[in-house]
Structures are given as C-alpha cells and as structure tokens.
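These are the residues of each chain, in order.
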Amino acid sequence: MRTLRMMRMLLGLAGAAALIVGPASRVDAQEQTIKIGVLYDHTGPFSAAGSLNCWRGAKMMIDYVNERGGVLGKYKIVPIDGDSQSKAEVAINEAERLLNVEKVDILAGVYSSAHAVPLAEKVDRQKKFLWITTAISSKVFDGRNLQYTFRPQPTGTQFGELSVQYIADYAQERLKKAPKDLRLAIIYEDGAYGTDVALGNELKAKDLGLNVVLKEGYSINAPDLSSLVTKLRAARPDVLYHTGYNPDISLFLRQAKEQGLRLRAYIGHGAGHSQLDKLKEAFGKDVEFFHTLDPIASQLLDPKKLRPGVGELTAEMVKRYKAQYDANAPTAAIAPHVSMGFNNLWVLFNDVLPRAIQKHGGFGPDALAAAARETDIPDGGTMQGYGVKFYPPGHRFAGQNARAFPAVFQIIEGKFELVYPKAVATAPPVLPLPASSPFAAR
Amino acid sequence: MLELRGVTAGYGHFTALWDVTLRVEAGEAVAVVGPNGSGKTTLMRVISGLVAARTGELVFEGNSLAGRKAHEVVRHGIAHVPEGRRIFPRLSVGDNLRMGAFQPRARQAFAESRARVYDLFPVLRERERQPAGSLSGGEQQMLALGRALMSRPKLILLDEPSMGLAPVLVLRLFELIRRVREEGYTILVVEQNVRQVLKLVDRAYLLEVGRIRMEGRAAALSEQDFVRKAYVGL
Amino acid sequence: MIDPIFLLEAAVNGILLSGVLALLALGLNLIFGVVDIVWIAYVDLVMVCMYLVYFLVMIYGWPLWLAGLASVALGALLGLGVHLLIITPILGSAPVNQLLATGGLLFFLQSFATFLWTTDHRTVRLALPILEVGGMFLSFVRLIAFAISLLAMIGLWVFLRRTYIGTAIRAVSQDREAMALMGADPQRVYLVTSAVGGAMAGVAGALLIIQYSVHPFFGAAFGPLTFMICVLGGLGNMVGAFVASVVMSEIISIGGVVISTEMGYVIAFVVFIVMMFVRPGGLLVRRG
Amino acid sequence: MRPGRVVGAALLAVLALGPVLPMGGMRQYVLHVLIQIFVWSFIGGAWSLMGRFGLVSLGHGAFLGLGAYTVTLLWNAYGLTPWLGGVVAAALTSVLALVVAYPCSRFQVVGHYFALVTLAVGEVVRLLIIAERNWTGGSLGLSLRASPHDSVLAMQFADKRVFYYASLVLWLAGLWIWYRVDRSMARAAMEAIGEDETAAASVGIHVTRFKMGITMLSASLTAVGGVAYAQYITYVNPDTLAGIGVSLRIVFAVVLGGMYSLLGPTVGTALTIALGEYLRVVFGLRLIGMAETIYGLLLILFIIFLPAGIYGSLRDVVAGLARPARLASGLR
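Protein chains in written order, with the working numbering: chain A, 430 to 871; chain B, 817 to 1050; chain C, 272 to 559; chain D, 547 to 878.
Looking at chain A on its own, in the form it has when it is part of the complex:
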C-alpha cells in the first residue's frame, strides 16, 4: 500500500518533469516507430572483449522483431547505433547525443560496467529510460535508487558468490578437502567489473568460512603480470578465481604457464574467460577444464527446461548468428554475449514495450518504467533460463533483476558444458584439474 502510494507520487513527479522536458515521445507514437539507441563499444579494447557480440545479438533481435511487423505487430523499431569507443567519457557523450539529438525513446546496451556506473546516474537524472543488457557491476544500482534504469542481467556480485558456492559444494566430494581447508586466491581486473565479482568471491568465502590466501587487483593495461604470478605461486592456492577481460587474461595465462603456476581448479568469470575461440586460438588444449561464469548462453540450455516457445527463439538466434557472422562457428561456442544482447532486448520488446503501450499509454520513459516494474517473468521464461522481476523503487538495488542468475560452465573436450547449478547442469564437473592440464597441481 505504502509502496503503491509512493510509486504514484513518484510517477506524478516524473510525469510533471516529462512535460517540461518535452512531449517528444507522444509525437513518435503516432508515427508508430520506436527509436532505440543501441550503445556498445565498436572500437577500443572492449569491442573484441564481447561488446561487439552483444551488439550482434541486439541487432539480430531488432531485425527479428521488425521482420515480424514490429512490437505489437505495428511499432517498428528504429535502431540508432552509438559507439562508446571503450572510453567512459565517449560513452557519456554518445548517450547525450542519442538521447538529445537523435531523441531516442530508449537507450539500450552498455557493455562495460565502467561506462554503466556513470551513465546510469546521468541518464536517470535526465529522466530517460535506460535498459542495460550486459554490464554487470552491482555498483550501477547499489543504493542509488534509480527510477528509469533497468537491468535483466545478473550482477557481478552474484557471479562471484556463485563460483565460491560451487567450489564449496564440491570441495569434499571432488577436491577431498573440507571447504575451510581450501586455499582460495582471487585476482581481478580492477575496473567496475572485476572489482564487483571479486567482492562477491570474498563475501561468499567469508560467509562460508573459506580461506582466501590472496586477493589482488591489477590494471588491464599492465604490460607484465609475472610478479602477480610469482605472488600466486608463493601463496600456493588450490583454487584461483580470476576476473578479467581479454588481452590481460591471455598475458596472465601465458606467464602463469611459463612460471609453472599449479592449481586444482581455475575459475574465470565471464568476459575474456567466456571467449572460447580466443582462448583456444592462444592456448589450444591448455585451457581444457577451465571454468567460466555467465548468464547461460541460450543454446546451451535444454529447451525442455524452459517455458514453451522460448527454445524456438534460441534456435532463431543460432540460425541468424551463423548466417550473418560466422557460418562455421560450432553452436556451443557462440559466446554468451550474443545471448545477452539478443535475450535481454527480447524481454524489452516482448514484455515491457507492449505493456507500456497498451496499459500505460505509450513508450515515454514513465510508461516504460511503469511497465518494467510490472514485469514478472517466471524462472525459465527467458532464453537464458532466468526469470525477470525488478527490485522495486526504494530497494537497495532498485531496477536490478531479482531473478537473474549466472551459471558455471566448464570447458570439456573443447566445448562449454553447463556444470552448475546442479538443477540445470548438462554435465558433471571435472574437478580437480586432471594431470593432463599443464596447470594441474602435482
């Protein structure tokens, strides 16, 4: 009751503000097109680290919706692309341009958490609607009570927590040690993304009484990580938790191998660790049995475990990806980033937008926000397995999807296999690293 009144008040306030800002969206509604700003990094280091794949997923979803006549069969989506160039200040400039010059109704995308954190604040202040598909840092929402920013994607902290839970669950059974006797090391790129995941690792480890022997951040631009490897060797961890982008994890793995780092399990968390093709190009069989965490790449899920109709969409995504971008890609190797762009925009087009138009009278920021708050997709209702229900205004993480969860994958015989949570697993995990791995403890 109280939340409702507060929401109504907020809506009123926001509505008044929207009148001042301008009735642009109402005009657009008559033309029956919806302009959506699609903001990813097409240049700079982030583009290869997954941003481009997100954009491909988003683009395929927009094409898909338009080919079927648009949202509700009549509102065509007009995408306007923006390039953040992997730089926070450019991301801010592009957001300004998309919102104020191109007058997009929705701003969607954002790969890097380092961009999402300042962007969310600025866009929300302008009372514009922001739909984050990829950036995972919990700092985007934490305590900021954003009203117009929503994210179906799980948070970095959830990544970090899940990966520790996974090891704790299997410690006795596979690693033959009580969880509290395991030695964990956490290394992370010190940007928004790595910091957040590492925090999740640390919190969960503390929670479960696990022993963290080393926690160290590094900058993705570091030209040499051999001293970090030496420190790790000195700390003798059983399990290494690593969060990084790509050139930096390649450098780390190479130096770790050269310097003889030995582990019983290696767990990466998305981004660079999810780019199987890159990892295999650089390290071949050496990366066998490495783990990564991500929202589930849709094609890896068993369609039978999802709601009816969702599985077909996944097939559509795989078909389009192969036709447009990489005909030879093995289905399992399509990066989860593609799914993030594809699936999370699907939630927007299929759930939020129709409700905003039919129930809230259009697709202005307020209608969209109101519609998003009513989103209630049960688990298994999206291509990536999770449901969608956003934390309400006033909540510490207002705007974050409460039902999102990542999953743990392992490279087994050159493919990603879903190994955890057990409920959705498609294969049992291989723990500890078998002797065939050059990183295996001897």
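None of these hints come from the bench; they were simulated from the model.
These figures come from a predicted structure and were not determined experimentally.
Quick reminder that beta carbons are idealized off the backbone N, C-alpha and C, glycines included.
There may be inaccurate statements among the hints.
[Stated by the list, open to error] Partial pick of chain C residues on the chain A-facing surface, computed with a CB cut under 10 Å:
id	residue
1	Phe277
2	Ala281
3	Met407
4	Trp428
5	Tyr536
Start from chain A and add chains B, C and D according to the hints.
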C-alpha cells in the same frame, strides 16, 4: 677562384647581408673583418651552403654554387672551419679526421691526407685515440683545421679561428695558419683580431652592418683607421 | 614475509622482462639519440610489425624465421616512411610540435589498425619448452628474446663504433651542421638511422608476437616505459639503454612481488624522475 | 582593434544567450558539448601558460587528476563542499608542481627531458590512483556522491544551463588570467627565458622563481579545471583524468590552436572536440576506426603545415597583410 656578386642573405624576415661583392684569387689569403654582428659569419655560411643566398651570384672556379647544399659545396673543394670549431666531442681524434674525409674523393686519399695532417700538427697523432672533447682549446682548433684539410680542399674558410684562445696561443695559431697557407691552400678568414690577421693575409674587406665598406691590400689598410673602425664599428 | 626463493624468481623474471624492454628501447634510442626527436609512436610501429608476423605465420603459413625477416624489412620501410613523410618537414620546428606530430601518428596507427584488423587480439601460438631450474621456471621464449636483445645491443654497438657509417651517425648526432660541412648529407644519415631503428622495431615485433597478443592498443602499455629507458640509458647509448632496461625491469618485477604490480611501476617511474636530476646524461654518464 | 572588439562583444552575447537560442531538440547535446569545450579550453589555457615559455609538460593529467580526485574524495568522505575542496585541491597541486618543477629548474632539466619527466609524473599519479584502489576506486573510478537536490554548496545541478554559465565564467576567467600574465612584467622576462636561459640569467632575472611561479599557477588552474569537469560529469576515472592520454589531448588541442595567442587554446580545443564528435557521428558504425584515423591524420597535417597553430597562423596571415613591416622587426 671564388667570386660573390650582389649577394643578399638572411634568416626569416631578417636580412644579414646586403648586396655583398667579394673576390678571392687562387693562392690568395683574404680576410673579412668587422665588428660583432656585422654579418661575417653569415657570409661564411652563405659560401659553404649552410645559408641560402636570396639574390646574387656565387661562382667557384667557374661553377655556380647557387642553391647548393653544404654537403655538395664541400665536393667542389671548399672546406669551412666553423665558428666555435664544432669538432665532434665524443668521437676520438682519429674518428674526427676520418669524418673529415667523408666525401668519396677524399676517402680514397685518406691515409695520405692523414699523414700530412699529422705532420702539420704532430700533437694530434699523440692524441689519436682520445675523445676530441678532452683536448685543450688550442688542440681542438688544430683538430678543426686538420679535419677541414682531410677533405682535400682548394679553398679553406676560417671563421674566427682565434676565438676563445689565450693570447699566446693566438700567436701560435696564426703561425700554423701561415704554414697551412704555405702548403698552397687558398684561405678566406673572418677575424676580430684585426692586427694579427692583417699580417697574415694579402687583401682584406671591412664588413659593417651587412655591407662591404672598404677593401684593399692588407699592407696598405693596416695603416689607416681601418683597424679602429673594425673594433669600434663606426 | 615472502619466501626468498620467490624474490629470486622475481629477480629472474626481471632479467627476462628486461630483454623485452631492451628490444623496444634499442631502436628508439638510436633514433632519439641521432635525430633528437622522440618517436612517440615507436611502439606502435612494433605493433604493426607484430601484425605482419601474425598474418604471415598464422594465415599464410610461413615459417617464423622467414616472417621475422619480413618483419625486419617492414620495420625498416616504416622507419624510412616515417622519417620522410613526417619527420623531415618538421626538423626545424619547435620540439613540442615534433613530439606531437609523432603523437598524431600514434593516433593514426592505433585507429587505422582498428579499421583494418578490428580490435581482436591475435596470438601466434608456439609450443616452446619451459626450463625448470631449482623450483624456478624459465620461459624459453623469453630467454630467446633476452639473448637476441643482447645480441642486438652488441650488434648496434659494433655498428656505431666500428663502421664508417656508424661513426658518421654518431657524428651527426653530435653536430648535424658540422657533419654537413664534411660533405655528409644529414638527410641520408637520418634515413639510414631511421631505417636501422625501424628494422629494430621489426626485430622486436617478431619476438614480441610470440610472447604477447597483438591488438591495436598494444603500444599503450609499453610506450612510456620505453621512452624513459632511452633517456635513462643516455641518448644514443646502446649499452646504457640495455642497463637501464635491466634496472627498470628489476624494480618493476621485485617491487611488484613485494608490494603490488602498480607500485612496482610507480617506484620505477619515481626512480626515473630522480635519476633525471642526478644523472641527466644517463645512468652510465656522470654529471659534468 | 575596434572591429575586433565588436566581434568579441557580439560573440560573448551569443554565448551568454546560448541556452535560450532556438536549437530545436539539439539544445541539451549542444550545451553538453559547449560545456566540455569551455572546461577543456580553460585547462588548455592553463597548460599554455607553461608551454609558451618552453616548459612543455606532458604531465598535466597528474594535476587534473589530483584536483578532481581530491575534491571528489573530500566530498564523498567528509561532505566537504567543492568550494573549499577546490582550494585544497589547488593547493595540493601547487605543492606537487613545486616538488617537480624546482629540481627541474635547479638541475636544468629542459626540452625533451622536461617533457619526459612530467610524463613520468603523470604516470606516477595515474598508477598511484590505481594502486590505492581501496579508497580511490582503482581503474573503476569514483562517482561523486549525489546531493539529494540542486545545491550551490555541493556544486551539483540537474539543469545543464547552470553548468553552462558556470563553465562560461570559468573560461572567461581563464582568458583574463592568461591576458594578465601575458601583460605583466613577467612577460618579457619569461620570454627571455624561453629564448636563452643563460642570457636571461645574466640580465638578472631570477629564472627559477619565475619558472616556479608560472608552473604553480598553471598546475593549480589545471586542478580547478579538473574540479569543474568532475563536478559536471560527476564521475572521475584515472584514465580520463590522469595519465598520458589526457595529457596528450590537452597538449594537442593547444598546439593545434596555437599556444602563443589568447584564443589559440580555445580554438584548438573547440576544434578537437567538435571534430571528434563530428567524425564519430558521421561515420557511426560504418568503417569502424576510420573516424579516429582521419583525426590522427589531420593532427599530423596540421602540425606539419600550420606549425604556429590554426589561430596563430591565421592571425599571422592577417597581421602580415596588414603590417608586413612589423613582422620583420619582431624576429631576430
């Protein structure tokens, strides 16, 4: 041998030489004297090609030098010993001499030229392996002269050879230059030490604010107020 | 307290890293010392050479040594090109303009590489053995890099000290005008220097691509460190550059293990700043 | 002189009316770009105070970052108003400038060496921010804690127009300071230093003192610019506010415009920002990387063909047409 007609030159918007006409015959020694800032050094740089003349003609042994770069002028047989000696301080004495014989014609005759330079300046032979920067001022001037001789020039341009040397060394230096002259080289020298230089040369020019003010045989000039003018710059 | 064995390992890693840094610094230092212009984009030329080796080896299947030779040739050509097209017109300009023209080249190379090859990072995978010595592991690839940079240093030293053109290069670096008066065309000496410096970039490219992934922003990580090593070693002083590489690498490596990776670099840069005041002519030259 | 003044007044009037001019829907974006131009022009002007006297610093990112981080940290941790925080930031930056500039002057570190020393200082500050990630946020950067509503004390406003006028005033103040320094007694002296250090010293100018003064002024103004930028963007990050990238960007803009003239830094900054935005918008996602490639190419060409900067070269040409004689006397 060398003839300048109506040469004007300068840097950027600044003109240092105005309409200079000057002549050096083969076997002669000629001096250009004048106060500080009168354009003497610019004159030398124009002849050796470091500064391009804006107007006028430069002819050496019947060939026009107009538009030639410094490294091309050397090939015609003009060696320029620049103001401040400009030896290569971190190269050894021997390497300095080797560099002096850079152009192919001179490089072929390297051993012979070096023997001649060592005969003229025996101290350089003793210091052959030392870095040139460690030599005394007088020795450095010898090296600069010797290095110029290595290119087997016909005409030597000397820019302020006595600068920065103690008076007793200046006398010795002029003695050396006289010996170089006796070897058969033609010399054009710029000097502030007018009294000494006039004893050395056949003819002299007085340069003032970029213009030739006076010209004549050295013996005749030294008795006029030429000397005073050159010092005071009236 | 950290186990001494790991300090030793850090020291060894430092030596191996110094091979990488010296490779980058030697060619730049030659150019910097002679032409007296900092090529801010030097490491980006190395980046271009790395791409060449990558494509030749991974796409066209050339053997690595042949691709390496091609890289050296490309480096020399790039050196010539940069000198002719960018440096020559600004030889007489203010130092800041010279600095910035090559800075513009840096922007250009980074974004043109993005345009041509996208931001994908690419790796030449090479299975070379790893040596294990008393609980420490030595990367064979890095040992080779170190050995070649040592050879390159000696080679350049001999070239500059013992050959006629090398001596002329040193002479030009000391007094360009005086060398013109000797009959040497400074432009030609500069061209030789830029070509040799560029060829060194090619050598570096061939050796770095087997240790690092190449991407358009490769230069950013190494650029500043490379300039500082050149100055620290003394301009045009090959032995100095090598020694400076070792000193900086050791600080970075040991500092990284004892404190943290970034602090290793912080200490290295602070040492550089202080050395500039104490020994501006380079590590091996006393003030005077 | 008179027509110049009229043009100037007209331009100022247009700028003052900027936010109310009819621009259709572009207003917010245009204001955003203009605010950036004002702030970065101010910073460029601060840089040129040193640059024009031969003190080419590649480390102004250090001053910028120190200023921005000081204010943001003080506000976030202690709620200290940016007005006071700005003073603290400027003071701290001056101290850093002094610590670097004094030995540089004392030990005659000039030219390329000065540039590289300052470059190292910029890297040290950037790396320290990253290394001290526990309280600076590391590479992640730091968000300015939002004040609940618009506040002069917190220097936070939802409306861009406030920032627009504030940055306009800041920019004008920067020009005024530049002009005063240019006119002051120090001018002749400093120019003498730029030409020839020993000559200047021998005529009795205290070289070190002048260098210190100008360096500290330049650094603290840069810090103020950093504060303004942080307050507007409400987010600080070591890569955008410290390190080489941003230092080079400042220098580029100034040299491009011309560092010896009052409006040179502004012209250069406006041009680089506008060009960057324009190329990005024009090329969009076609020919990825092409926009920046052209930008780099233009920078090289400008520096080769307009060495005095765009504004400087233009002014020379105009002055040359009007008074050819005066130019000749201006050079040695």
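For this session: Would you pick out the hints that fail for this structure and give their numbers low to high?
Result: Those not satisfied come down to hint 4.
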